[in-house]
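Trainee: The residues making up each chain are set out below.
There are 2 protein chains.
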Amino acid sequence: MTRTPLFNRVAIIGLGLIGSSIVRGAMALGLATELVTTDASADVRQRAAELGLGHRIAGSSAEAANDADLVIACVPVGACGAVAKEIAPHLKAGAIVSDVGSVKTAVLKDMAQYLPDTVDFIPAHPVAGTEHSGPDAGFAELFVNRWCILTPSEQAAPEAVERLKAFWQALGANVETMTAEHHDLVLAITSHLPHLIAYTIVGTAEELEGVTESEVLKFSAGGFRDFTRIAASDPTMWRDVFLNNKDAVLEMLGEFQEDLSKLTRAIRRGDGEALFDHFTRTRAIRRGIVNIGQDAAGADFGRPHPHLPPKDDGKS
Amino acid sequence: MTRTPLFNRVAIIGLGLIGSSIVRGAMALGLATELVTTDASADVRQRAAELGLGHRIAGSSAEAANDADLVIACVPVGACGAVAKEIAPHLKAGAIVSDVGSVKTAVLKDMAQYLPDTVDFIPAHPVAGTEHSGPDAGFAELFVNRWCILTPSEQAAPEAVERLKAFWQALGANVETMTAEHHDLVLAITSHLPHLIAYTIVGTAEELEGVTESEVLKFSAGGFRDFTRIAASDPTMWRDVFLNNKDAVLEMLGEFQEDLSKLTRAIRRGDGEALFDHFTRTRAIRRGIVNIGQDAAGADFGRPHPHLPPKDDGKS
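Residue numbers (the numbering used here), protein chains in the order written: chain A, 1294 to 1609; chain B, 1294 to 1609.
Don't read these hints as lab results, they were simulated from the structure.
As the structure is a computational prediction, the values presented were derived from the model and not from experiment.
Be aware that one or more of the hints could be misleading.
Only pairs whose alpha carbons sit at most 30 Å apart, straight line, appear in this in silico DSS-like list of lysine-lysine [unchecked claim]: (1) A:Lys1402 with B:Lys1402; (2) B:Lys1555 with A:Lys1539; (3) A:Lys1539 with A:Lys1378; (4) A:Lys1402 with B:Lys1378; (5) B:Lys1539 with A:Lys1555; (6) A:Lys1385 with A:Lys1402; (7) B:Lys1378 with B:Lys1402; (8) A:Lys1555 with B:Lys1378; (9) B:Lys1539 with B:Lys1378.
Here are the in silico distance ranges between beta carbons for each label pair [claimed, not checked]: (10) A:Arg1558 with B:Glu1474: 17 to 27 Å; (11) B:Lys1385 with A:Ser1554: 24 to 34 Å; (12) B:Met1471 with A:Arg1558: 26 to 36 Å; (13) A:Thr1411 with B:Asn1438: 54 to 64 Å; (14) A:Thr1297 with B:Asp1336: 36 to 46 Å; (15) A:Gly1427 with B:Glu1544: 34 to 44 Å; (16) B:Met1471 with A:His1348: 56 to 66 Å; (17) A:Pro1451 with B:Glu1551: 18 to 28 Å; (18) A:Glu1474 with B:Pro1603: 33 to 43 Å.
Where a beta carbon is used, it is the ideal one built from N, C-alpha and C, also for glycine.
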């Protein structure tokens, strides 16, 4: 039994990690009668053709959006306004327009100004990803059991929100609806601040005097390597996130700084009790995340461990 | 062909994650004619007996160390001195005494004061671990392809260093020798500061007003969950690390704060170029770590991804 497609024509604009994952999932599940895709880069369009990403690859965003029932801009937050401006004249009445950006207030404002009243504009953010970028990095399972947050514009019809919700659920996601402002506050702590901190500490390690880069790499299994993964995320995407969610990020950074000062003082004063209490408290959060299935239950994220060397390997 | 044991009697004092992993590996590989183990906790000794951790489980550190050729204290850094004091009268001449602590200057000082001149004292630090603790958490492969750092005391004979090196290599580790002071500086950036930062941000997220704990957990896949893993590490161990490597940690924290100020200023001023440049630079470090085999090459640490939902799951 094949699923009845949820949409007739779906346009995916931007074929990076997220866009190409949506395409792979939607193709595998038959969520659209026709999937039209495109990317601003001719190289990526070429690669997408080789990978079979879409039934048809359009030469421009305008062409892709033409006559589509659902258009999803999968581009960096800073490029969303330009995409909306380009596609606006080509959108058919009743189309749903969405995006996948990690910031929602700015995207809502940037895109809404160009979009006609005849479409339902529903910004979205699938909270999923890896440190890899580009059309080869995507995979159909990326959204399974992850959350996708919808922040519908005031004009969006409830039926349209339900249709977009069904699309994300079909891709395996859980869907929650909230205001763009609240989204930006929540993601500032669960995503933006962690990235900022990771980017910072990796930069710090790189520039140290007295510790070589080779030492940093070799002994990174002590904890540092965990930070390097998210500090390897796409630079354009993350530049745009910080430029467009400045206030919430700075607010969370202020909270973080206060807490870091407290722990620093405990270290300086040798206050073992304060340290122990704090370190005990934070364990519970990890358990909560694993319990609701938002991280691997196995040790060390399930990282693979090679086998023991053979008994007679001559090493000794 | 069975390996000729590297040591006659080996004593492992402390059966947490590291101690029990050494025991499992050494048993599997036949590295000792007799493995005598113990733990300060009667419950852990009981569990160790059930798990078969050692040929013989001793009732005290003194009893375990008696007549051993190699004694390894696998206890929190703050407990190393007391172990040395207890075992000192029972050590046989020519024995090698070591530990596995994450701080080396303090351990060297704390233990050396009690140990007789007739033993070779060689502090060690296997840079390996998971967020789990206790005798059930260990596994024989934990040290494979990880680095173990030796910081021999001045009195230690070169032949003894070679013997301990062979032991760690047999467990699969790469071995490097350096001074205790340099170790503490290197680990402050590759391990201690990352843990402090992770413990801080997880605490910050837990106490926020305006964002519920349920939201923090649900949307943690945006990056936050990576931090919760190391913030779930053993509180006693980490309290002791910060109390005993205060100077190096505070020095690295100072460097980190300077860099964080720079990035914060770039965000406040909307300096996209500075952000982009920084975010591009940090990617190289990740590639270096993966290239030398110190982290998984696959996306997202190789975290498992469940399958797509079936086409007709009724969800839509």
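Trainee: Work down the list of hints and note, for each, if the structure agrees.
Mentor: Do the hints match the structure? See the list:
no.: 1; hint: A:Lys1402 with B:Lys1402; in the structure: violated (61 Å)
no.: 2; hint: B:Lys1555 with A:Lys1539; in the structure: holds (15 Å)
no.: 3; hint: A:Lys1539 with A:Lys1378; in the structure: holds (24 Å)
no.: 4; hint: A:Lys1402 with B:Lys1378; in the structure: violated (68 Å)
no.: 5; hint: B:Lys1539 with A:Lys1555; in the structure: holds (15 Å)
no.: 6; hint: A:Lys1385 with A:Lys1402; in the structure: holds (21 Å)
no.: 7; hint: B:Lys1378 with B:Lys1402; in the structure: holds (12 Å)
no.: 8; hint: A:Lys1555 with B:Lys1378; in the structure: violated (34 Å)
no.: 9; hint: B:Lys1539 with B:Lys1378; in the structure: holds (24 Å)
no.: 10; hint: A:Arg1558 with B:Glu1474: 17 to 27 Å; in the structure: holds (25 Å)
no.: 11; hint: B:Lys1385 with A:Ser1554: 24 to 34 Å; in the structure: violated (50 Å)
no.: 12; hint: B:Met1471 with A:Arg1558: 26 to 36 Å; in the structure: holds (31 Å)
no.: 13; hint: A:Thr1411 with B:Asn1438: 54 to 64 Å; in the structure: holds (59 Å)
no.: 14; hint: A:Thr1297 with B:Asp1336: 36 to 46 Å; in the structure: violated (59 Å)
no.: 15; hint: A:Gly1427 with B:Glu1544: 34 to 44 Å; in the structure: holds (39 Å)
no.: 16; hint: B:Met1471 with A:His1348: 56 to 66 Å; in the structure: holds (59 Å)
no.: 17; hint: A:Pro1451 with B:Glu1551: 18 to 28 Å; in the structure: violated (50 Å)
no.: 18; hint: A:Glu1474 with B:Pro1603: 33 to 43 Å; in the structure: holds (37 Å)
Comparing the model with each earlier hint shows violations of hints 1, 4, 8, 11, 14 and 17; every other hint is respected.
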